[in-house]
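Protein chains in written order, with this note's numbering: chain A, -7 to 350; chain B, 3 to 542.
Keep in mind that the hints were calculated from the coordinates and are not lab data.
Among the clues, some could well be false.
For each label pair, taking beta carbons as the anchor points, the in silico distance ranges come out as [unchecked claim]:
| id | chain 1 | residue 1 | chain 2 | residue 2 | range |
| --- | --- | --- | --- | --- | --- |
| 1 | A | Asn247 | B | Asn398 | 53 to 59 angstroms |
| 2 | B | Asn398 | A | Gly(-5) | 51 to 57 angstroms |
| 3 | B | Gln91 | A | Glu195 | 39 to 45 angstroms |
| 4 | B | Ala51 | A | Glu195 | 39 to 45 angstroms |
| 5 | B | Ala413 | A | Lys155 | 47 to 53 angstroms |
| 6 | B | Gln379 | A | Asn207 | 53 to 59 angstroms |
| 7 | A | Pro339 | B | Thr114 | 25 to 31 angstroms |
| 8 | A | Glu195 | B | Asn398 | 38 to 44 angstroms |
What the simulated footprint calls covered on chain A by chain B, stretch by stretch (three residues with Cβ under 8 angstroms from a Cβ of chain B suffice, anywhere in the stretch; the number is not a length) [said to hold, decoys possible]:
| id | stretch |
| --- | --- |
| 9 | 195 to 201 |
| 10 | 269 to 280 |
Short derived list, chain B residues pointing at chain A, Cβ under 8 angstroms [what the hints assert, rightly or not]:
| id | residue |
| --- | --- |
| 11 | Ser276 |
| 12 | Ala330 |
| 13 | Gly332 |
| 14 | Pro382 |
No experiment lies behind these values; they were computed from the predicted model shown.
Here a beta-carbon is modelled for each residue, glycine too, at the ideal position from N, C-alpha and C.
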Amino acid sequence: MQGKTLGFLVTKFSPSVYYGENDCPDGLTPTTDEAFLLTQTPAERLRLLKPENALEFEKKWKTDYTTGPNGEDICRNPRSFLNDDRHPVHLTVKGAVSHGMNLDGTDDGRATARSCKHEKFRGPNGEPGIDNQLYRVMGCAKNWRGDPTNGSGMALKYNNYMKDGLHNYLIEIRGMKDPRNTEEVEVGIYSTEDKSMLDGAREHLRNQTFAVTKNPRWRNVTRGKIVDGVLTTEVIDTMYLDWFFALNGPFGAVNEHEFRQVHFRLSLETDGTLKGVMGAYDSIEVQSAQGRHGGKGVATNGNRDCASEYKSMAVYADGVPDPVTGQCTHISLSQDVEAVPAYIIHPEQQSTKVASAK
Amino acid sequence: MFAIAARRFTLVALLATGLCGCGNPEPATTGAPAGMRRLTEEQYRNSIADIFGPDVKVSGRFEPILRPQHGLVAAGTSQISVSPAGFEQYYTMANTVAAQAMDEAHRATMMTCAPGPEADACVTAFFKRVGLVILRRPLTDAEATAYAAAANESAKTAGDFYAGVALSLGTMLASPQFIFEIDRTERGPDGVVRLDAYAKASRLSFFLTNSTPDQALLDAAARGDLHEAKGLAKQVDRLLASSRLETSVRAFFTDMFGLDATAELVKDPVIYPSFVRAVKEDMPEQTLRTITQHVLLDDGDYRDLFTTRRTFMTRPLGVIYGVPIAQASGWVPYEFSRDGSRAGLLTMMNFLALNSHDGRSSPTLRGKALRELVLCQPVPIPPGNVDFSLVQDTKNKELKTARDRVTAHRAEPTCAGCHKIMDPIGLGMETFDGVGSFRDAENGISIDTSGDLDGVKFSNAVELGKAVHDNPATAACLVNRMYEFAERRPALSGEKAWLDNLTRIFAADGYRVRALMRRIAVSEAFYKVQPEPNTVEGKR
């Protein structure tokens, strides 16, 4: 394409959290020990909370409550807890506003060929039809939500993964004639195996060079347009990106995002960075695995009830219906996206001599 | 590639001899009094690696060698001794090295002696052999016997034959005769005092390899070849063709351009977040690779270092230069674009970052460095009561660019004299910030990089590099610095005519650094000592 090419290293790619005043009127979702106590009678709760019964309490919630009838690990095999009423669906976000995009094209969340019936949010600027069921399910979980000052703990964790070089993503805008308005650009979203260099404050350096991944599955291309400095992409039906966990066992196999119906809305900032959101559906298997990849320790040390999380995502899943059961397998989400300028080398350029410098 | 470069050099040298009539005797010099020079840390490490093998570790701290004002660190080696604390370090390092040399993994490569009735003779022979390479001169029989006797005594105390040898070997390595290169003199056949053959070998070796003489050079010394022009030239050409020459060339340019200061360089991480460790580590290597490729492998004109667009890059450096680097790790050749803002050493980040402040660029420091390091034109030290507040105020509402600020600073009569020789040329590099990244504006004002170098006008850093290339002082400075590096002392007034002549020959040789090193290495001036009685002579 004729026009300028801009490369970016994604520095933030984590769930968007909107901090509304009355988002969680019922309180925050119980942690694992709290959820366990809620399964007990009031008298038994008081007894277990006495200091002399601390060991018994710990054994019950860390062992009995987090182990399935056949010895299943609550985080490695949350499916086996789907019918276990001791692990309830999360307390959900009751606020009406969320970040995100309209993925199903409806304003009311009615069922379509690609979505299940669900409730919609309004955007922070009042735009209707926002889909973000992941936020609805997880937005009242303490660790996931965080607070307005420090942000989401989960987002911090996810973005640190990129700083640690577990996985990194690139965005390339090609054919840009004017950074404020260009009718048509090509947009590449790629994984890269190259690690990012960080400055002394652990921020990604600008103007680094990254090679596009050798795995063609993790290379995604779409088109878009720039209006008033905001890039909006056409829908990518399925977008795979590397998602690396250095794990053994079943979760080691969950090594990529599988986003569906992907939309980007990114602002080209005057300081050369990109800022915006990505709206998409992600597989509940992948999404839930991100929280529970550490196994049972996530439920005990991390105090997150993996069974409840999985069950909640399954209940609120709104995308990609199973053709047989009609049950949706994916959940809508919004990811905050930020990116800094970078140079992107494509596989065919790996041996090309580049000679341009200021 | 070295062989090709060496052949090319020979041809150039022959042509140059014919062109300049260099068959004439070289101008006489006075020479310097015989002296002694402390080995630099690099020379010490290189020597240990050459003698005992590269896997023998040298662990310890070396006392710094102070850079004389307007001189090379190399010249500082002749002006420094060893403090008691410094000697403790040498002593510890010596014994650590000796212990490694005599451990099971290494001793077979050094010595075949074993405990038993033949041990004394064998150990004496060992010390005679190893003493030659460590002390860079033959040991007398009495010396070798003394070292062997000490080893024997130590072995009895330690209850270990090899530990005894190691202790005696450590004593030799801790000797000032190893730590210092000593000018030993003798009277030649004409009765004139001269360096003896082994002292010549040392001087030549430290100049061309930055290390102790190898066996071939010691053998040549033993045969007396180094006192003969033909024999000396043969050894010089052998060393010039060796890959070891690069070690010396790197040491020279590190010293000349003050690259050793890179290790202590600090930048404000808030202002320059990209100045990370990987960048800092690659910075001097980029300069040295550029230099060695140009002056050794390509046998290029030294002055072209200030105009060349060819260099090397790594991914971390690409961040500072704002260029994509396809290769994920290691070094790649790189060429700046013809219409770009960079060409030559003055536009590379090492020079730019080293000669800037922690949080801002500095036309003054850059101009000073260019004058002193490249043109050998010392700039006087500023008075102690200078008010720098104006030049430091980078957010000044009225003086928005460095040009504005230093121009205002120069309005002070006490400052103007020196600043007018530094600032106008330093401002030519103002399109590069304090770490060497390109910028075309400061505080929203377009940067003016025009100026003149000794009457030659330039409009930007690339043209400044061309002006430096063409400035006669550039080549003359290199010649003077190379001689200072070779002699490891500043040039003397009695050597001026010789150096002027050498500068003319350098030009006739096409400004080739290898050819210059050869001219020095085969010259009489390089080895000349003043004919005063020498206290070391005859006291081995």
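Now the hints, each set against the structure:
1. Between Asn247 (chain A) and Asn398 (chain B), the C-beta spacing of about 54 angstroms keeps the proposed range 53 to 59 angstroms intact.
2. With their beta carbons about 40 angstroms apart, Asn398 (chain B) and Gly(-5) (chain A) fall outside the hinted range of 51 to 57 angstroms.
3. Checked against the hint of 39 to 45 angstroms, the C-beta distance between Gln91 (chain B) and Glu195 (chain A) comes to roughly 40 angstroms, which is consistent with it.
4. In this structure the supplied range 39 to 45 angstroms holds for Ala51 (chain B) paired with Glu195 (chain A), their Cβ-Cβ distance being about 41 angstroms.
5. Separation of Ala413 (chain B) from Lys155 (chain A) is about 49 angstroms and conforms to the stated range, judged on CB atoms against 47 to 53 angstroms.
6. Judged by the Cβ atoms, the range 53 to 59 angstroms given for Gln379 (chain B) and Asn207 (chain A) holds: they are separated by roughly 58 angstroms.
7. As the Cβ distance of Pro339 (chain A) to Thr114 (chain B) is approximately 57 angstroms, the hint placing it in 25 to 31 angstroms is violated.
8. At about 29 angstroms, the beta-carbon gap between Glu195 (chain A) and Asn398 (chain B) misses the expected band of 38 to 44 angstroms.
9. Counting residues of the stretch 195 to 201 of chain A whose C-beta sits closer than 8 angstroms to any C-beta of chain B gives 6, which meets the bar of three, so the coverage hint holds.
10. Counting residues of the stretch 269 to 280 of chain A whose CB lies closer than 8 angstroms to any CB of chain B gives 0, which falls below the minimum of 3, so the coverage claim is violated.
11. Residue-level restraint check for Ser276 (chain B) holds (minimum Cβ-Cβ distance to chain A is 5 angstroms; threshold 8 angstroms).
12. Restraint check, Ala330 (chain B) versus chain A: the minimum CB separation of about 6 angstroms is within 8 angstroms; hint holds.
13. With a least beta-carbon distance of about 13 angstroms to chain A, the hint placing Gly332 (chain B) at the interface is violated under the 8 angstroms criterion.
14. A least Cβ separation of about 35 angstroms between Pro382 (chain B) and chain A goes past the 8 angstroms threshold, and the interface hint is therefore violated.
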